[in-house]
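First to last, the sequence lines map onto chains A and B.
The numbers in numbering that gives the first Met the number 0 rise by one with no breaks, and the one at position 245 of the first sequence is 244.
The numbers in numbering that gives the first Met the number 0 rise by one with no breaks, and the one at position 77 of the second sequence is 76.
The hints are simulated quantities; they were obtained by calculation from the structure and are not laboratory data.
C-beta atoms are modelled at their ideal positions from N, C-alpha and C, and glycine is treated no differently.
Hints are supplied without guarantee of correctness; some may be wrong.
[What the hints assert, rightly or not] For lysine-lysine, the following BS3-like pairs were computed, each having C-alpha atoms within a straight-line distance of at most 27 angstroms: (1) B:K93 x A:K342; (2) A:K355 x B:K1; (3) A:K312 x A:K394; (4) B:K93 x A:K346.
[Said to hold, decoys possible] Facing chain B, according to a computed beta carbon distance under 7 angstroms, are these residues of chain A, among others: (5) H276; (6) Y279; (7) Q318; (8) L324; (9) I325; (10) A333; (11) R336; (12) R351; (13) E352.
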Amino acid sequence: MENQELIPHLFRTEYRKITSVLSKAFGLQHIEIAQDIASDTFLLASEIWGIKGAPDNPVAWLYTVARNKARDYLRRDKLFKDKISAGIMYSSETTEEIEIDLSDQNIADSQLQMMFAISHPSIPIEAQIGLSLTILCGFGINEIAAAFLTNKENITKRLYRAREKLREHGVKMEFPGADEVDSRLEAVMRTLYLLFNEGYYAAGRDVTLRRDVCLEAMWLTRLLTENPGTDKPPVSALLALMCFHASRFEARTNLQGETVLYEDQDDKLWDAELIVHGEYYLNRSSIGHQLSKYHLEAAIGYWHTIKSDTPEKWQRILQYYNHLLIIEYSPIAALNRTYALSKANGKPEAIREAEKLNLADNHLYHSLLGELYTGIDNVRAVSHFQTALSIAKSKADQAVISKKIAKLGIS
Amino acid sequence: MKDFMFVFRSEPSLLADRSPEELQANMQRWMDWIGGIAAQGKLIDRGNRLGFEGKVVGPTQVITDGPFIEIKESIGGYTMVKAESLEEAAEMAKGCPILNIGGNVEVRPIDTM
Numbered sequence: 000m001e002n003q004e005l006i007p008h009l010f011r012t013e014y015r016k017i018t019s020v021l022s023k024a025f026g027l028q029h030i031e032i033a034q035d036i037a038s039d040t041f042l043l044a045s046e047i048w049g050i051k052g053a054p055d056n057p058v059a060w061l062y063t064v065a066r067n068k069a070r071d072y073l074r075r076d077k078l079f080k081d082k083i084s085a086g087i088m089y090s091s092e093t094t095e096e097i098e099i100d101l102s103d104q105n106i107a108d109s110q111l112q113m114m115f116a117i118s119h120p121s122i123p124i125e126a127q128i129g130l131s132l133t134i135l136c137g138f139g140i141n142e143i144a145a146a147f148l149t150n151k152e153n154i155t156k157r158l159y160r161a162r163e164k165l166r167e168h169g170v171k172m173e174f175p176g177a178d179e180v181d182s183r184l185e186a187v188m189r190t191l192y193l194l195f196n197e198g199y200y201a202a203g204r205d206v207t208l209r210r211d212v213c214l215e216a217m218w219l220t221r222l223l224t225e226n227p228g229t230d231k232p233p234v235s236a237l238l239a240l241m242c243f244h245a246s247r248f249e250a251r252t253n254l255q256g257e258t259v260l261y262e263d264q265d266d267k268l269w270d271a272e273l274i275v276h277g278e279y280y281l282n283r284s285s286i287g288h289q290l291s292k293y294h295l296e297a298a299i300g301y302w303h304t305i306k307s308d309t310p311e312k313w314q315r316i317l318q319y320y321n322h323l324l325i326i327e328y329s330p331i332a333a334l335n336r337t338y339a340l341s342k343a344n345g346k347p348e349a350i351r352e353a354e355k356l357n358l359a360d361n362h363l364y365h366s367l368l369g370e371l372y373t374g375i376d377n378v379r380a381v382s383h384f385q386t387a388l389s390i391a392k393s394k395a396d397q398a399v400i401s402k403k404i405a406k407l408g409i410s
Numbered sequence: 000m001k002d003f004m005f006v007f008r009s010e011p012s013l014l015a016d017r018s019p020e021e022l023q024a025n026m027q028r029w030m031d032w033i034g035g036i037a038a039q040g041k042l043i044d045r046g047n048r049l050g051f052e053g054k055v056v057g058p059t060q061v062i063t064d065g066p067f068i069e070i071k072e073s074i075g076g077y078t079m080v081k082a083e084s085l086e087e088a089a090e091m092a093k094g095c096p097i098l099n100i101g102g103n104v105e106v107r108p109i110d111t112m
């Protein structure tokens, strides 16, 4: 691997490990110092490797440098030392002997503990996503701003406030006790689910970047399946649904960067390997008695990997959406359920149900009605698509709707 | 929005001789109906179905088998929803599959006081 690719690659995989291990050693309230040391390590790597070439074992090099920088920091910063020496486990020894444990086991544990800390219920969800993207996924401020169509200042402020929250609430890096592991794991899954969705549905046009967000969310979810304490059936279900969705990543955007709707996608572009992974985790999730919303969404995702429209497919999808809505209402599930209803039981029934949904300020609601009225009452269909067009915010959505209107040929 | 309870009544024997396919179809109709309410964000609790056997404890602490054996309509279950008015709630109940087999739905406001 060339240096140009090597450092970004290692940054993505190793930054989070170094930051997590150091945060655990220093205490989470000093997370900025951990992040600074991790960043400095990569800065040094880029300078030295640029001149001398990459070392034989770049990862070991990074760990050694990070460990030394952490020790230097502790030695130098008397104030910091005094502040944390009470809290650190090696308080009786001199700071030079502080052990920065970069073993595989401690790296894995630290990352999991970081996931629990970031998903702590006291942290607002927007802050959880921001922290996950920087600390757990190793994204830079610029990348996050580009992915979410906002500016650097906004992201910086959001992250600053998020770290303040961690301190305010005294969040610690530790595994939750047996009595609360299920609810805390629930929160971690929710963060990862939203993280994945941010990548999958974000408005930003940089497709590669958005795919990376999705892949990182999947990587973190897999980390949960690899630890016996967190390897619960809903986690496998969550990973399965991510695999099924991600399998369509290539097919859902065309060469012009425009969105391709599910029914128009070329299924040869679907990633067969990811579908197989999805099936593996779906099977893995089907033990125990718990039917989580992730199970239902994974099952819906599975049926979407079968391209042909059979009555069974849409009947199954409809029933899963019914279950899903009974567990937890969401506008998007309500709209998707109504679409499945039209496929399973016909458009007239779906129109009757759609009109009860009370989602008139949602552009997807009008797109759905436009779709349902197409072929039944094209004038009404166009009228709904036009309403959708006037509400839709993203360029990609507007382009899809405009195409629908053009297809109907009335204006 | 107010809370309402749907109380389902039907004759227990009506479902007794149905084929598995009919039972499956019946279950799907129920799911579609409840799913439709949930899609409007108006489902509070899908509730429970009740077993047909039962006992009734009378004023003198006499325990008898449920009186519903003799009457045509026994309570089969309940579901809780929210709606703007009793009228709207009753309108929602119109889609209940129990109506297709000669049962009925009693719609009652839940007094939260």
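Okay, the hints, checked on the actual structure:
no.: 1; hint: B:K93 x A:K342; verdict: holds (23 angstroms)
no.: 2; hint: A:K355 x B:K1; verdict: holds (17 angstroms)
no.: 3; hint: A:K312 x A:K394; verdict: violated (32 angstroms)
no.: 4; hint: B:K93 x A:K346; verdict: holds (20 angstroms)
no.: 5; hint: H276; verdict: violated (30 angstroms)
no.: 6; hint: Y279; verdict: violated (28 angstroms)
no.: 7; hint: Q318; verdict: holds (6 angstroms)
no.: 8; hint: L324; verdict: holds (4 angstroms)
no.: 9; hint: I325; verdict: holds (5 angstroms)
no.: 10; hint: A333; verdict: holds (4 angstroms)
no.: 11; hint: R336; verdict: holds (5 angstroms)
no.: 12; hint: R351; verdict: violated (9 angstroms)
no.: 13; hint: E352; verdict: holds (5 angstroms)
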